[in-house]
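Colleague: Sequence:
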Amino acid sequence: MIEGLIKRLGEDAGIALPDVRVTGDDPVLPSVFRVDTAAAASVGAVTAAVAAYWGRREGAPAADVSVDVRHAAAAFQSERHFRIDGERAVLWAPLSGDYRTSDGWIKLHCNFDHHRDAALRALRLDAGAGRDDVSAACAGRTGTDVEEAVIREGGCAAVLRDRQDWLAHPQGKAVARLPLVGLSSLPAPATPAHGTAGGAADVPRPLSGVRVLDLTRVIAGPVAARILAAHGAEVLRVGAAHLPEVPGLVVETAFGKRSCHVDLRTEPGVLRDLVRQADVVIQAYRPGALRDKGFGADDLAALRPGIVSVDISAYGSRGPWASRRGFDSLVQMVSGIAHENGDGSRPVPLPAQALDHATGFLAAFGAVAGLLRRTDEGGSWHVEVALARTAAWLDGLGRTAGDAPEPRVDDLLATMGSAFGTLTYVRPPGLIEGAEPYWASAPPLQGEHAAGWATTTGRG
Numbered sequence: 001m002i003e004g005l006i007k008r009l010g011e012d013a014g015i016a017l018p019d020v021r022v023t024g025d026d027p028v029l030p031s032v033f034r035v036d037t038a039a040a041a042s043v044g045a046v047t048a049a050v051a052a053y054w055g056r057r058e059g060a061p062a063a064d065v066s067v068d069v070r071h072a073a074a075a076f077q078s079e080r081h082f083r084i085d086g087e088r089a090v091l092w093a094p095l096s097g098d099y100r101t102s103d104g105w106i107k108l109h110c111n112f113d114h115h116r117d118a119a120l121r122a123l124r125l126d127a128g129a130g131r132d133d134v135s136a137a138c139a140g141r142t143g144t145d146v147e148e149a150v151i152r153e154g155g156c157a158a159v160l161r162d163r164q165d166w167l168a169h170p171q172g173k174a175v176a177r178l179p180l181v182g183l184s185s186l187p188a189p190a191t192p193a194h195g196t197a198g199g200a201a202d203v204p205r206p207l208s209g210v211r212v213l214d215l216t217r218v219i220a221g222p223v224a225a226r227i228l229a230a231h232g233a234e235v236l237r238v239g240a241a242h243l244p245e246v247p248g249l250v251v252e253t254a255f256g257k258r259s260c261h262v263d264l265r266t267e268p269g270v271l272r273d274l275v276r277q278a279d280v281v282i283q284a285y286r287p288g289a290l291r292d293k294g295f296g297a298d299d300l301a302a303l304r305p306g307i308v309s310v311d312i313s314a315y316g317s318r319g320p321w322a323s324r325r326g327f328d329s330l331v332q333m334v335s336g337i338a339h340e341n342g343d344g345s346r347p348v349p350l351p352a353q354a355l356d357h358a359t360g361f362l363a364a365f366g367a368v369a370g371l372l373r374r375t376d377e378g379g380s381w382h383v384e385v386a387l388a389r390t391a392a393w394l395d396g397l398g399r400t401a402g403d404a405p406e407p408r409v410d411d412l413l414a415t416m417g418s419a420f421g422t423l424t425y426v427r428p429p430g431l432i433e434g435a436e437p438y439w440a441s442a443p444p445l446q447g448e449h450a451a452g453w454a455t456t457t458g459r460g
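Anchor point for the sequence shown: position 117 equals 117 in UniProt numbering, and the numbering is continuous, going up by one each time.
Quick caveat, the hints were computed from the structure, so don't treat them as lab data. One should not assume that every hint holds.
Claimed, not checked - The list that follows gives simulated cross-link-like pairs (lysine to any residue, SDA-like), each with its CA atoms no further than 20 Å apart:
| id | residue 1 | residue 2 |
| --- | --- | --- |
| 1 | K7 | S66 |
| 2 | K293 | G269 |
| 3 | K293 | R272 |
| 4 | K173 | R318 |
Stated by the list, open to error - Pairwise CB distance ranges (calculated):
| id | residue 1 | residue 2 | range |
| --- | --- | --- | --- |
| 5 | R88 | H242 | 21 to 31 Å |
| 6 | P61 | H449 | 32 to 42 Å |
| 7 | G342 | T142 | 12 to 22 Å |
Virtual Cβ for every residue (Gly too), placed ideally from N, Cα, C.
Produce the complete structure using the sequences and hints provided.
Modeller: Spelled out as structure tokens, the structure:
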């Protein structure tokens, strides 16, 4: 099944993937949904695409590729296994979570202060309100009332829906029409097939010389850029001092990357200069948010003909919720996953942020598929993935009994020193013979580096 899913992804992207040897059995994680199948398939797809790209650059057949189901599943739980000096990182804010309403359940996502403040305004609560206050406010209102009020205030919330409700919902219908990994050429000046922006006479690692701009913050996008770094890409994470972050997640997803700050309110030219020398740009802001600032996919292709632009969203670029803010846990709520994963009486999340991780690996797969298409055909390429579309894919993979025990992971962990302390982390999953993935550097401090590329060689 997993091998077939990987093959289908390659066919849909218009690229030929080498066979992938799958080791281990599923299910591995305790869920009625086939989370581990999604893990192995998404990891296997990006690993196979990287092997194909490496072979193309070297003028040789693609190296052998394998993916271990247990390792892929552990990678889906990477933030759960992450430790700083033996301690878990704090990943959730106090007010984030599930609350009873007068007719069911709602999840509030309050990890960013401005989203917390929006939720409190919607509930007509003071800034110092605690969970008990929020619980009381939600209990007296319907879920839809709270959801709509929070969204109007610019916050993030999701009512617990069952599968049929979602399939009948206008946004559920819009999502069902989306491809799992959308890959299309951009209407930009034609460019010949060419190499990478970083260039390289020798290719010691599969993605050496590939430059990736990471304009993302929460799991899916950072995971996509992180796995590309594990295969040798130069990844520059671009943040800004004024933007909110979840510190633990920033560290956990920053292995192998450099980090700079660029304030688009005052320094748009700095980002334009970075784009002009990039191969891949990954962004996960609301659809249209960067386009409004002059950094949409078409704008990027005009700045850098030959770019592969990757857009990650919660609900996709079509439908009434296209511009709605969202996160993995919220999409699990609205899509019926959190309903079916339990007994329906209360939301039960998946044993991993599986939509985030799967979407991240699929985004990375799309990026490499775009590089392959660029190598063969030239041009600029646009990749689109969405958490809600990944949820529909997971839903279509079938069900398990849901009684698998938590897997052993000790042999899949490694440690690395850093400015934050000793880090314990899940090693990157997926193997290419002769080019085992690894992160060459520890997570940097935020904004530690200058806004420029480390490599100096010209475009190939």
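Colleague: Are the hints correct? Go through all of them and say.
Modeller: Against the structure, the hints come out as follows:
1. Distance check on the hinted pair: K7 and S66 sit about 14 Å apart at the alpha-carbon level, within 20 Å; holds.
2. A distance of roughly 11 Å separates the Cα atoms of K293 and G269; the hinted pair therefore holds under the 20 Å criterion.
3. A C-alpha spacing of about 11 Å is found between K293 and R272, which places the hinted pair at or below 20 Å, so the restraint holds.
4. Between K173 and R318, the direct Cα distance comes to roughly 10 Å. Compliance with the 20 Å bound is thereby established for this hinted pair.
5. For R88 paired with H242, a C-beta distance near 28 Å keeps the hint of 21 to 31 Å intact.
6. In this structure the supplied range 32 to 42 Å holds for P61 paired with H449, their Cβ-Cβ distance being about 37 Å.
7. Distance hint check for G342 and T142: the Cβ-Cβ separation is about 21 Å, which falls inside the suggested range of 12 to 22 Å.
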